[in-house]
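Sequence lines, in order, name chains S and X. Numbering-wise (the UniProt record's numbering), the first sequence opens with residue 1 and increments by one. Numbering-wise (the UniProt record's numbering), the second sequence opens with residue 1 and increments by one.
Keep in mind that the hints were calculated from the coordinates and are not lab data. Be careful, since some hints might not be right.
No distinction is drawn between identical chains; accordingly, a pair holds when it is met within one copy or between any pair of copies.
[Stated by the list, open to error] Listed next, the in silico SDA-like pairs over lysine to any residue satisfying Cα-Cα at most 20 Å (straight line): (1) K31 - A65; (2) K169 - S32; (3) K214 - D112; (4) K169 - F91; (5) K159 - C27; (6) K214 - R133; (7) K171 - R133; (8) K169 - E154; (9) K127 - V206; (10) K163 - L150; (11) K31 - G70; (12) K214 - T202; (13) K31 - G84; (14) K127 - D88; (15) K31 - C81; (16) K171 - E154; (17) K127 - S87; (18) K31 - N80; (19) K169 - V206; (20) K31 - H64; (21) K127 - P179; (22) K127 - G84.
Treat the numbers as computed from the prediction; the structure is a model and nothing was measured.
2 protein chains.
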Amino acid sequence: MCVVDVGNGTVQTSTVGNSSNIAWHRCSVGKSERQELLNQKGCVVWITGLSGSGKSTLACALGHALHARGKLAYILDGDNCRHGLNSDLSFKAEDRAENIRRIGEVAKLFSDAGVICIASLISPFRKERDACRALLPEGDFIEVYMDVPLQVCESRDPKGLYKLARAGKIKGFTGIDDPYEPPLNSEITLHQGEGVCDSPNTLAEVIVSYLERKGYLEA
Amino acid sequence: MCVVDVGNGTVQTSTVGNSSNIAWHRCSVGKSERQELLNQKGCVVWITGLSGSGKSTLACALGHALHARGKLAYILDGDNCRHGLNSDLSFKAEDRAENIRRIGEVAKLFSDAGVICIASLISPFRKERDACRALLPEGDFIEVYMDVPLQVCESRDPKGLYKLARAGKIKGFTGIDDPYEPPLNSEITLHQGEGVCDSPNTLAEVIVSYLERKGYLEA
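If we strip away everything but chain S, and leave its shape as in the complex, we get (with noise of 0.2 Å):
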């Protein structure tokens, strides 16, 4: 017999029978070795706003201007998580809290791998977020507040949602009857309304301006 797993990636190796012949080995491609691979530092950027203030179109523009600069970016979307990680969720408090810990859970695996994770979702509450924050080390969590007055995003409407929230066929929802409570220390805020009006290229490059400058896209 050989090869024994000893748990956390350390490896024993013995020959039993006539001789004894143990060896240790530590896995040794961690987070640093994938990033110098992909010359870059794995983060989250967490994109938090209510419906309809540009979250998923800002995370696609973000996403294409890194792709642009040969970095490896991924989208985690929360509707989109919602068919298949977290279709066993239902728009309940505690499930709506569910999903977003669990997307931060997968975020800071991605962020782990390398990549620069986008998480796109509305994510009202500070509580949920900053749990979201505390599962990265200081710096690798980067919180983008869309902050676009509640009656532009109504709208817009771009989903008919707030439409049918007004109509009480929606409970819950975000900005109508449940609350959502802005970023006390987001690292980027990007305020837009009626009179501020920049296109989401523009948007996504505050938001590169800002991984270049803390050293995200380099190893």
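Starting from the known structure of chain S, arrange chain X on it as the hints suggest.
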């Protein structure tokens, strides 16, 4: 107002007021673009087998072999995920199934990101493994069966779990008082036992060769 997310990465920009300027674009970075960037194809190498069969050791060796070729791989380990994503789950049957389901979903995300995802977990039931396989495009789920006799795994007993199971201190332990269903059509079977004894690196090369032959090591 300017940016409207109409779902699914489709964007409508419009200038409200004097002029109306509507443009559409799709989220232009997808799996194939990420694969081009990485010069590999995303897939899932799913390593199944008894406790002590050498799954983690193989996963580690495979991760190393791929990294040495400049490929981005990431290991999802059944035990490790229980500290994070699946920390809410117990070891009762339905929770073990949910543990596997979630890892399958996360593996799918990594594969979609272009990463070669190495999932290493006992995953004793065909039905559950096949459900994970069904999440992925044809060919992208590569099942690797660590075919090691129970008595060999038990004699290794790297974590002392067989001892505890035999003493009745762990209930429902795979191989002791809970069944393991060997794959019927795994892509790769690695026989190891008393007589057959290959190093983890040798076993990893079997998988690397498979990936190479099937075109996963280029875009």
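Item checked: Hint numbers not upheld by this structure, sorted from lowest to highest -> Violated: hints 2, 7, 9 and 19.
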